[in-house]
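Trainee: Here are the chains, one letter per residue:
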Amino acid sequence: MSYPEKYKYTREHEWVEIAGNVGTVGITDYAQNSLGDIVFVDAPKVGTKVEKGAVFGSVESVKAVSDLYSPVTGTVTEVNAELASSPEKINSDAHGSWIIKVELSDPGEVGTLLPAADYEKFIAEETGK
Amino acid sequence: MATPAPVVLRKTALNAMHRRMGAKMVDFGGWDMPVEYSGLIAEHMAVRTGVGVFDVSHMGDIQLRGQGSLDAVQHITMNDASKLQEGQAHYSAMLYPQGTFVDDVIVHKLSPNDYLIVINAGTREKDFNWVKSNVRPFDCHANDYSDYYTQLAIQGPKAAETLAKLTKVDLSAIKGYWFKWGTVCGLANTLIARTGYTGEDGFEIYVPSDVATSERVWNEVLEAGKEFGILPCALGARNTLRLESAMSLYDHEISETINVFEAHLDRFLKLEKGPFIGSEALKKIQTASGPQRKLVGLEVIERGIARDGYPVLNLDGKKIGVVTSGSPAPFLKKNIALAYVPTELAAIDGEVAVEVRGNPVKARIVPTPFYRRPKKTA
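Heads up: the protein sequence lines correspond to chains A and B, in order. In this text, residue positions in the first sequence follow this note's numbering: the first is 1, and each later residue adds one. In this text, residue positions in the second sequence follow this note's numbering: the first is 1, and each later residue adds one.
The set of hints was computed from the structure by calculation and includes no laboratory data. Predicted model, so just to flag it, every value in this text is computed and none were measured. Errors might be hidden in some of the hints.
Straight-line alpha carbon distances no greater than 30 angstroms define the calculated DSBU-like cross-link-like pairs of lysine-lysine that follow [as the list claims (entries may be wrong)]:
#: 1; chain 1: A; residue 1: Lys121; chain 2: B; residue 2: Lys24
#: 2; chain 1: B; residue 1: Lys333; chain 2: A; residue 2: Lys89
#: 3; chain 1: A; residue 1: Lys89; chain 2: B; residue 2: Lys334
#: 4; chain 1: A; residue 1: Lys49; chain 2: B; residue 2: Lys24
Next comes chain B alone, as it looks inside the complex (with noise of 0.2 angstroms):
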């Protein structure tokens, strides 16, 4: 194999805890970041059964800050964002004029003319360039704070005992997606959002960058979540805990040439709030005959795994899609995978087959998600 030439990779505030920490390291969309510590299935089980933290300051933060950005963040996203309160925040997405995805995003509404938009990591130049050029007839600014903030996502069903150990704020007030502004490790005026990638309950935490703190938190972190087993998680399992949750990924689920009704996001979609980029193009799909391919979940029923970019077939073997995302799955210990079918073969619980490295596997379509966190009873 030829060694690759080396290359500048970005790194967060934390990159020297990672390393010191042990963790492996890799090349994520240009950023050294850690992909494993412990292990992937420990990772992975802590934040399902307990509580796990991530380092995702490799995410982007935009702020529309002036009079019209409600009126620019309605331009260039596809939710409704007129329908957000103060403290509150959606999943959303920012499109191209044929309805296809530039980046999904959170738009998070701190003021009537404050909206902070968090971005993939991946995506961040690509992400801020379009909300520049897009904004510009409106009467707001935009500005790139992604590097201010070191964020942490907190996840797991005890991730809530853990950061109450670690601020006054009364977590139990602020619902999902819903955020707050509050000291936490006597840092004031963090951002609380109760927010994340994994489907279990949870929070993202945004504190000053600089590396003295950052680790400062990074450890209080850990150290409030000993007694539930926190573990420090890493990209294996954020991917592996998203995909359970059926949560997209760019490039994946989403890109510039896969549209809202094929990515199944048109949940979030509100053609209704008036015209907007991509909206256009979105009704007329809407109003043909719909999209020619979906999203849908498979479950692997045969012996083998079903991995990203694999072709999937009918049961004649003739290729009709592909796979976009597929791993074992550690908590479900099922073989899962998402992928691209035709419309008229996508109902739940018909048989297809995923080419594995040559050979068809059998793979029923399932419901999704994969996983859906138990409802607390207390």
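Okay, chain A solo, but in the shape it has when bound (with noise of 0.2 angstroms):
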């Protein structure tokens, strides 16, 4: 699996797509691999305020609870209906299938978050445990 280098990425497994002043949000091909058959997302509402490092919602597989931890601070402009419906979907495209897209209050933080490659490092020391 080969991590899209225009995303940048957080140690709880999420990804974020940068666009202007917009971040696109979804899980990593690697949590959905870990959490298995994925059967609802709890989002936040649009207008929610979100923080980056804090738990902004929840992915459920049939066997666990993963918390989303949100990579940005900003507020929550649109959040992807089709996953109320075919929650599956992360788990034939994580990558593709976003959950929030957030209006960024600090766009200069995004330069702590993991490049694809550093991402990749990470997650090959976690399974190599």
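Work from the hints to combine the two standalone chains into their complex.
Mentor: Laid out in structure tokens, this is it:
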């Protein structure tokens, strides 16, 4: 699995794509594989304030719940409605299934997120444990 | 998150096979077991619609042999083993003196002086020690044969057709909860039992536990089931299958603090057979007002998933019980749970709430099992 270079990553296995001052957020392929069949996405409503490093929702598979940590600080402007009826899309295409879009209050903070190569190294270490 | 200290996990004979086949592994009661192969939902559906095979060798096998073996079995279990015929098995449990569970078991009558008790993986040592010390007064030997067997569960509507390719034994002559000995995959004297933990038709076969034999049989089962879409299945699907069928799991629905009446398992309790460990305490509970709490089935009716350990609330938000097992049900496509609630609130169609990470989510009390396999008309 190759991790798109245009995304930035967190150690909690979220990805974010920055375009201007909008961040598009999802979870990585590594995350969906660990979770198994995803059955439920609990996403915040439009207008909710999210904070970098704080829980903004959750993703549930049959066997587990996983909190979602926001990679960015800002306000939710869009929520992917498809995931309410077809959460399994995250399993088949994690990098193409965004969960929320966020208007960034601090575009500079993305500098501390992991680029693809560092994220790949991080998960290689995780699986090697 | 702190890295846990490394633990030496026990392995079944098929451990290397599971790993080679790419199974996701997990620590289950001290065993390094597969939790998922191709995917929980796919495995679950294979068992409900075709056939799946599970390695359940981590379960234990205690043999009681001798002239006093029936008396010993009667003393330590709650069902009436004197009603078993040779070749027949039944669901039962070993109880503590207070009428709570040491473990749930399947008792097989191999012959008048020979009983096989199949027990759970996580309670192997505890169970064997319990059996050994409690059968001492009786004229029998207790032997732990757990490591002698690789136990495979072949489950689903196509299980019989799959196994039929591997044995000349007439499987149609084996009724549910009965067993026979026969040659399977060329192995003579293999125990073939029509038992399982999925709510589907199926068989459990017990073959020698050396790696070469175990792998050969595993592969032959997969080959035989190929035309029916067989999948290797693991503990994730095993749990959702047994939950849809409302079958108990130790330390969830049954435990050393839960009694037989609370667990809704009194149809397997035969107090009339005479005294046994736990019978006096259960008689007292029966003649008093019955159990204070009861195990019920829940169907979540608002958006959310009830999971193990989540509190159950009444509609005023007061905690009244707890979910013992809860999960999405892949075949039923609902979110279901088993839970303990006060007896007076346990009526079917009653509404409660489950606290899902701080928020109350409504659930309805429904009859169990949630799923019953279709009756064969052919």
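Trainee: All hints, please: hold or fail.
Mentor: Quick rundown of the hints versus the structure:
{"no.": "1", "hint": "A:Lys121 - B:Lys24", "verdict": "holds (21 angstroms)"}
{"no.": "2", "hint": "B:Lys333 - A:Lys89", "verdict": "holds (17 angstroms)"}
{"no.": "3", "hint": "A:Lys89 - B:Lys334", "verdict": "holds (19 angstroms)"}
{"no.": "4", "hint": "A:Lys49 - B:Lys24", "verdict": "violated (37 angstroms)"}
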